[in-house]
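A.B. asks: Okay, so the sequence shown: first residue is 273 according to the numbering used here, each after it adds one.
I should point out that these hints are in silico values taken from the structure, not numbers from a laboratory.
Incorrect hints may have been included.
What the hints assert, rightly or not - Simulated restraints on C-beta separations:
#, residue 1, residue 2, range
1, K315, Y342, 15 to 21 angstroms
2, Q280, R340, 25 to 31 angstroms
3, G345, G314, 17 to 23 angstroms
4, Q337, E299, 31 to 37 angstroms
5, L286, G345, 26 to 32 angstroms
The C-beta atom is built at its ideal place from N, Cα and C for all residues, glycine as well.
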Amino acid sequence: MVQSNSIQEHSIQLEEHYILKFRKSGEGVEGEVLMRDWTSPGKATHLFEAPRQETPEELQAWAQQAIRAYREG
């Protein structure tokens, strides 16, 4: 997990091409799922918002399931 001090955002690499960025939100955490752009280091494409969950682990599990559904169409 990587923490960005300026905005209090955290990142978890879900798979080789996908990242979950999240932040504290009330009593839980919420964030977004991004697809890395290997041609432009530091850049990523927003895929979808990750709704508030109680823990980062629950948010990560939700994001991994969402990525599977995204790939399956």
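A.B. asks: Hints first: check each against the structure and report whether it holds.
C.D. replies: To see whether the hints hold, each was checked on the structure:
Under the hint 15 to 21 angstroms, the C-beta atoms of K315 and Y342, about 19 angstroms apart, fit the expected range. Distance hint for Q280 and R340: a CB-CB separation of about 29 angstroms, consistent with the stated range 25 to 31 angstroms. Distance hint for G345 and G314: a CB-CB separation of about 29 angstroms, inconsistent with the stated range 17 to 23 angstroms. One distance hint, 31 to 37 angstroms for the beta-carbon pair Q337 and E299, is violated here, with the actual separation near 22 angstroms.
Between L286 and G345 the C-beta distance comes to about 18 angstroms, which lies outside the given range of 26 to 32 angstroms.
Consistency note: the structure conflicts with the earlier hints numbered 3, 4 and 5.
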